[in-house]
Every structure is written in C-alpha cells, then in structure tokens.
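Numbering (the numbering used here), first residue to last: 140 to 302.
It is possible that some hints are incorrect.
Here are the computed distance ranges between Cβ atoms for each label pair [unchecked claim]:
1. Thr224 with Gln175: 21 to 31 angstroms
2. Val268 with Val241: 28 to 38 angstroms
3. Pro256 with Glu212: 13 to 23 angstroms
4. Gly242 with Leu148: 45 to 55 angstroms
5. Pro143 with Gly242: 54 to 64 angstroms
6. Gly213 with Val146: 35 to 45 angstroms
7. Leu295 with Asn236: 16 to 26 angstroms
Hints in this document: simulated from the structure, not taken from any laboratory.
Positions of the beta carbon are idealized from the N, C-alpha and C atoms, including for glycine.
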Amino acid sequence: MKSPIVVVLTLSLALAGCSGVRESRLNPFNWFGRSQQAEAVTLAPEGGYGASAIDRRVLVEQVTSLEIRRTPEGAIISAAGVPPTQGWWDAELVAENGGEPVGGTLTYRFVVAEPVPGTAVASRVLTPVSREVTAGAFLSNIALGDVRRVVVTGALNSRTISR
140 MKSPIVVVLT LSLALAGCSG VRESRLNPFN WFGRSQQAEA VTLAPEGGYG
190 ASAIDRRVLV EQVTSLEIRR TPEGAIISAA GVPPTQGWWD AELVAENGGE
240 PVGGTLTYRF VVAEPVPGTA VASRVLTPVS REVTAGAFLS NIALGDVRRV
290 VVTGALNSRT ISR
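Hey, can you work out the whole structure from these sequences and the hints?
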C-alpha cells in the first residue's frame with residue numbers, strides 16, 4: 140500500500156508536466172493562433188469577380204472571423220462573413236494558386252451568390268449576425284506541411300491566421 144504522500148507527489152509532478160505540453164508546439168491546438176484583421180488583398184482576375192460564365196459569385200463584403208480546427212486527417216478552415224443584405228447564399232472558400240501555398244501563405248477568396256432579385260429577403264438589412272454566412276475548406280496533413288499562414292479575402296478586408 141502506497142503512502143498518501145507518495146501518491147500526492149506523483150500526481151503533482153504528473154500534472155506539472157502537462158502545462159509544458161499544453162503550451163508547446165507538440166499540441167495540435169497550438170499550431171495556428173487567433174485570426175487577425177488584415178488589409179484587403181486584391182486578387183481579382185481581369186473583368187473582376189463575377190465576370191466568368193462559370194462562377195458569378197462575388198466576394199463577401201466583410202470577413203468577420205477565421206478559424207482552423209485540427210482533425211486527425213488535417214485541418215478544417217472555417218470563415219464567417221457578412222454580406223450587405225439578407226439572402227446571400229452558396230458561400231465557398233475558393234483557393235488561389237490552385238490551392239498551393241506561395242511563400243508559406245495559402246490564400247482563399249470568400250465568395251457568395253447574390254440573393255434572388257425581387258424577393259423580399261434580398262432588400263432586408265437586419266443585424267450583422269442575422270446576415271452572417273459561413274464557409275469552410277478541408278486541408279490534408281500533407282497539404283498543411285508547407286503552410287505557415289492562411290489568408291481569407293473579402294471585398295473590404297482580409298483575415299489572416301498564422302502558425
């Protein structure tokens with residue numbers, strides 16, 4: 140039978156070691172920090188966004204949040220944005236440069252489809268929370284290997300998150 144003092148000392152040492160792992164780079168929850176506000180980066184193709192017959196979506200007005208959540212297979216990039224009115228839909232994070240990082244930076248455009256014209260919801264401007272749309276993208280562990288920073292671009296701003 141172990142004495143209570145030995146048990147208490149063992150537990151104290153074990154728990155003290157946990158704080159080091161919690162703060163270290165070994166913890167996958169620390170791989171990316173919090174997102175930060177950044178200036179809008181213009182990556183518009185000639186003719187502007189929406190000029191393509193294939194994709195007529197436009198940049199969301201403002202990107203309000205950006206998160207990266209680790210999974211065993213990689214990471215999920217999640218961004219929220221606020222369009223000018225209600226009814227915007229078909230939100231997507233579209234990878235720039237074929238999804239390849241440039242200088243360790245992976246850039247996405249946050250695009251949304253306009254509301255159907257003539258609908259009552261298309262003209263409503265309610266609270267920003269009620270207009271918020273969310274989009275996400277998945278990156279495998281292999282694709283994450285060279286990524287040090289992720290940027291999501293909207294029409295008026297960008298958000299960035301770094302390792």
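_Could you work out which of the previously given hints the structure breaks and list their numbers from low to high?_
Those not satisfied come down to hint 3.
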